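Visitor: For reference, the chains in residue letters:
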Amino acid sequence: NAGVTQTPKFRVLKTGQSMTLLCAQDMNHEYMYWYRQDPGMGLRLIHYSVGEGTTAKGEVPDGYNVSRLKKQNFLLGLESAAPSQTSVYFCASSPTDFMRYFGPGTRLTVT
Amino acid sequence: RKEVEQDPGPFNVPEGATVAFNCTYSNSASQSFFWYRQDCRKEPKLLMSVYSSGNEDGRFTAQLNRASQYISLLIRDSKLSDSATYLCVVKPGAGSYQLTFGKGTKLSVIP
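Sequence order for the protein chains is A and B.
Heads up: the first sequence runs through residues 8 to 118, numbered per the working numbering.
Heads up: the second sequence runs through residues 381 to 491, numbered per the working numbering.
No wet-lab data here; the hints were simulated from the structure.
Everything numeric in this text was worked out from a predicted model, so none of it was measured.
It is possible that part of the hints are untrue.
Unchecked claim - Only pairs whose alpha carbons sit at most 25 Å apart, straight line, appear in this in silico DSS-like list of lysine-lysine: (1) A:64 x B:483; (2) B:486 x B:459; (3) A:78 x B:425.
Said to hold, decoys possible - What follows is a set of in silico ranges between Cβ atoms, one per label pair, in the way DEER data are often shown: (4) A:37 x B:411: 13 to 21 Å; (5) A:72 x B:434: 18 to 26 Å; (6) B:434 x A:25: 43 to 51 Å; (7) B:490 x A:89: 36 to 44 Å.
Even glycine gets a Cβ: it sits at the ideal position worked out from N, Cα and C.
Let the sequences and hints guide you as you build the complete structure.
Guide: Dropping the structure here:
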């Protein structure tokens with residue numbers, strides 16, 4: 008099993024550009040999450056999903072959109088990137104509402 | 381008072397030492413508690429859950445004090461491989477899908 012994978016691992020964007028981060032899990036987990044981690048801050052929840060076709064806002068959802076068309080995939084979109092979105096993005100999945108299996112992260116820089 | 385507070389460290393300890401981390405939480409209704417470990421530039425990984433009666437996993441002991449709203453992690457006989465950042469994590473309550481992550485305590489074990 009690959010567990011949780013994220014694509015891409017690194018990306019540099021210019022302000023105003025758009026991109027999609029892909030998260031995939033092969034553990035048949037119902038729950039999936041997108042977090043961001045910034046220096047001096049704890050992990051903060053952006054959006055989450057409790058099952059295929061469902062999404063919900065987390066703590067810091069502004070500027071992001073998500074989709075969960077297939078159970079194994081959870082996409083995070085940035086429609087118009089801003090420097091404040093420079094961060095490390097972690098996807099996670101879980102079989103219950105408290106465990107978290109994290110992916111390796113995507114390092115995004117917006118210039 | 382911040383939701384989950386941790387001493388950021390760093391804690392620099394020699395191999396073989398015993399080190400303890402504390403974490404305080406503000407929501408008295410919190411139900412579940414965890415310690416995660418995050419290596420430099422890696423994703424967080426679950427280290428252990430924290431139970432009301434306290435629990436031990438090898439060299440690691442976790443304790444919960446609900447009255448004082450704090451959680452502790454004790455590491456005995458520190459190894460070089462224990463060097464990492466330790467994240468205190470709190471689940472607010474039943475029905476909540478969110479976990480609140482502390483900013484982490486950095487541990488460096490020195491030869």
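Visitor: For every hint, state whether the structure bears it out.
Guide: Status of the hints after comparison with the structure:
no. : hint                     : result
1   : A:64 x B:483             : holds (21 Å)
2   : B:486 x B:459            : holds (14 Å)
3   : A:78 x B:425             : holds (22 Å)
4   : A:37 x B:411: 13 to 21 Å : holds (20 Å)
5   : A:72 x B:434: 18 to 26 Å : violated (43 Å)
6   : B:434 x A:25: 43 to 51 Å : holds (49 Å)
7   : B:490 x A:89: 36 to 44 Å : holds (41 Å)
Of the numbered hints listed earlier, the single one contradicted by the structure is hint 5.
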